[in-house]
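Engineer: Sequence:
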Amino acid sequence: MRPLLLSLVLLLAASLWCALAPNIDQLLIARLLQGLAGAGGAVISRAIARDLYAGHELTRFFALLMLVNGLAPIIAPVLGGAMLQLMDWRGIFGVLAAIAVLLFTLSSLKLRESLPVERRSQGGILAMLMSLGGLLTQRQFMGLCLTQGFVMAGMFAYIGASPFVLQQIYGLSPQMFSLCFAVNGVGLIISAQLASRLSARWGERLVLKGGLTLAAVASLLLLLAGSLHAPLALLMVPLFFSVAVIGIVGPTASSLAMQSQGDKAGSASALIGVCMFALGACSVPITGLGGTSSVSMALTIVGCYAIAIVLFTLLVRKPQA
Numbered sequence: 000m001r002p003l004l005l006s007l008v009l010l011l012a013a014s015l016w017c018a019l020a021p022n023i024d025q026l027l028i029a030r031l032l033q034g035l036a037g038a039g040g041a042v043i044s045r046a047i048a049r050d051l052y053a054g055h056e057l058t059r060f061f062a063l064l065m066l067v068n069g070l071a072p073i074i075a076p077v078l079g080g081a082m083l084q085l086m087d088w089r090g091i092f093g094v095l096a097a098i099a100v101l102l103f104t105l106s107s108l109k110l111r112e113s114l115p116v117e118r119r120s121q122g123g124i125l126a127m128l129m130s131l132g133g134l135l136t137q138r139q140f141m142g143l144c145l146t147q148g149f150v151m152a153g154m155f156a157y158i159g160a161s162p163f164v165l166q167q168i169y170g171l172s173p174q175m176f177s178l179c180f181a182v183n184g185v186g187l188i189i190s191a192q193l194a195s196r197l198s199a200r201w202g203e204r205l206v207l208k209g210g211l212t213l214a215a216v217a218s219l220l221l222l223l224a225g226s227l228h229a230p231l232a233l234l235m236v237p238l239f240f241s242v243a244v245i246g247i248v249g250p251t252a253s254s255l256a257m258q259s260q261g262d263k264a265g266s267a268s269a270l271i272g273v274c275m276f277a278l279g280a281c282s283v284p285i286t287g288l289g290g291t292s293s294v295s296m297a298l299t300i301v302g303c304y305a306i307a308i309v310l311f312t313l314l315v316r317k318p319q320a
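In numbering that gives the first Met the number 0, the protein residues as written are 0 to 320.
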């Protein structure tokens, strides 16, 4: 609870610094701190969920989290554009500061410590580093962590390359591109909720394997469509499913990875986040190496999904009977 509140205080301070920054150097530093503070909420929310839920209930929470993550990139550009009609860029950061105050207030009033005192790790930073080191040696956890990370890297490749592919190559207007982006986001949301329901019936592992199979098929069809310079409609169908599979893989892989961590939930959540964003950050420039063609985007997505499937196959053991 305390780390969450501290991260929100830092988010408030960084947002205010962004709004008042007198030059670009200070703005960049403040944005870095703002990103670090925002990551606190993402990490701690997964750890709290692990403290409170298990099994299908944990998967359902991660599906709900994926719903929020899917809605955010759809709503944020629309809201940001609307707010820019009423205020300048400094005002946007002022709104983020107000959101930080709201989140701090709600967290203080509604949330309670989720982990009993006797189950908390002792020893400070050294204990945290030892916990992370222990996680790095867990084959099952790292397999699931990297599987999710490489699938998310495919999504980052899509986010980074799709504006160039759809607007410059296929000539979509900014409005039509936003619509296509929103449709793919809705697909991700629907698939996450579907994964939650299917997991209750067939289990997270089987649903995850199905999601990875769909990822392979959809991404290969996307590569075929790009190679043949297919019309936009034929490109969008496999692209839709290539994005939608993230809603299946994300919640199920996170749930399976977190279920066995117990008092290491915080470190496990942090490592999952590091894998997702570090691999995602690497995939975007790799996509750009091949130019702005749809083939380059598709190849990166295929590569990320293929690595995810190989790692899952090699590292994630079948549950013992």
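The hints are simulated quantities; they were obtained by calculation from the structure and are not laboratory data. Misleading hints may appear alongside valid ones.
Ranges of calculated distance between the beta carbons of each label pair, as one might list FRET restraints [stated by the list, open to error]: (1) M82 / L205: 38 to 46 angstroms; (2) G54 / H228: 29 to 37 angstroms; (3) L205 / P2: 20 to 28 angstroms; (4) S226 / Q174: 22 to 30 angstroms; (5) M82 / L51: 31 to 39 angstroms; (6) Q139 / G80: 39 to 47 angstroms; (7) P2 / S259: 18 to 26 angstroms; (8) G170 / L128: 48 to 56 angstroms; (9) A38 / G80: 20 to 28 angstroms; (10) T212 / L101: 38 to 46 angstroms; (11) G290 / S177: 21 to 29 angstroms; (12) R196 / P21: 48 to 56 angstroms; (13) A97 / R196: 30 to 38 angstroms.
Virtual Cβ for every residue (Gly too), placed ideally from N, Cα, C.
Engineer: With reference to the structure, classify each hint as holding or not holding.
Structural biologist: Comparing the hints with the structure gives:
Between M82 and L205, the C-beta spacing of about 44 angstroms keeps the proposed range 38 to 46 angstroms intact. For the hinted restraint 29 to 37 angstroms between G54 and H228, the CB-CB distance of approximately 47 angstroms leaves it violated. At roughly 35 angstroms, the beta carbons of L205 and P2 sit outside the given window of 20 to 28 angstroms. As the Cβ distance of S226 to Q174 is approximately 28 angstroms, the hint placing it in 22 to 30 angstroms holds.
Between M82 and L51 the C-beta distance comes to about 35 angstroms, which sits within the given range of 31 to 39 angstroms. For the pair Q139 and G80, the supplied restraint of 39 to 47 angstroms holds, since their beta-carbon distance comes to about 44 angstroms. Distance hint check: the CB atoms of P2 and S259 are about 22 angstroms apart, consistent with the given range 18 to 26 angstroms. Range check, G170 to L128: about 51 angstroms between beta-carbon atoms, so the 48 to 56 angstroms window is met.
Checking the proposed 20 to 28 angstroms range against A38 and G80 shows it holds: the Cβ atoms sit about 25 angstroms from each other. Against the hinted window of 38 to 46 angstroms, the Cβ-Cβ separation of T212 and L101 comes to about 41 angstroms, which satisfies the hint. Separation of G290 from S177 is about 23 angstroms and conforms to the stated range, judged on CB atoms against 21 to 29 angstroms. Separation of R196 from P21 is about 52 angstroms and conforms to the stated range, judged on CB atoms against 48 to 56 angstroms.
A97 and R196 have their C-beta atoms about 36 angstroms apart, which keeps the hinted 30 to 38 angstroms range intact.
Of the numbered hints given earlier, the model fails hints 2 and 3; all others are met.
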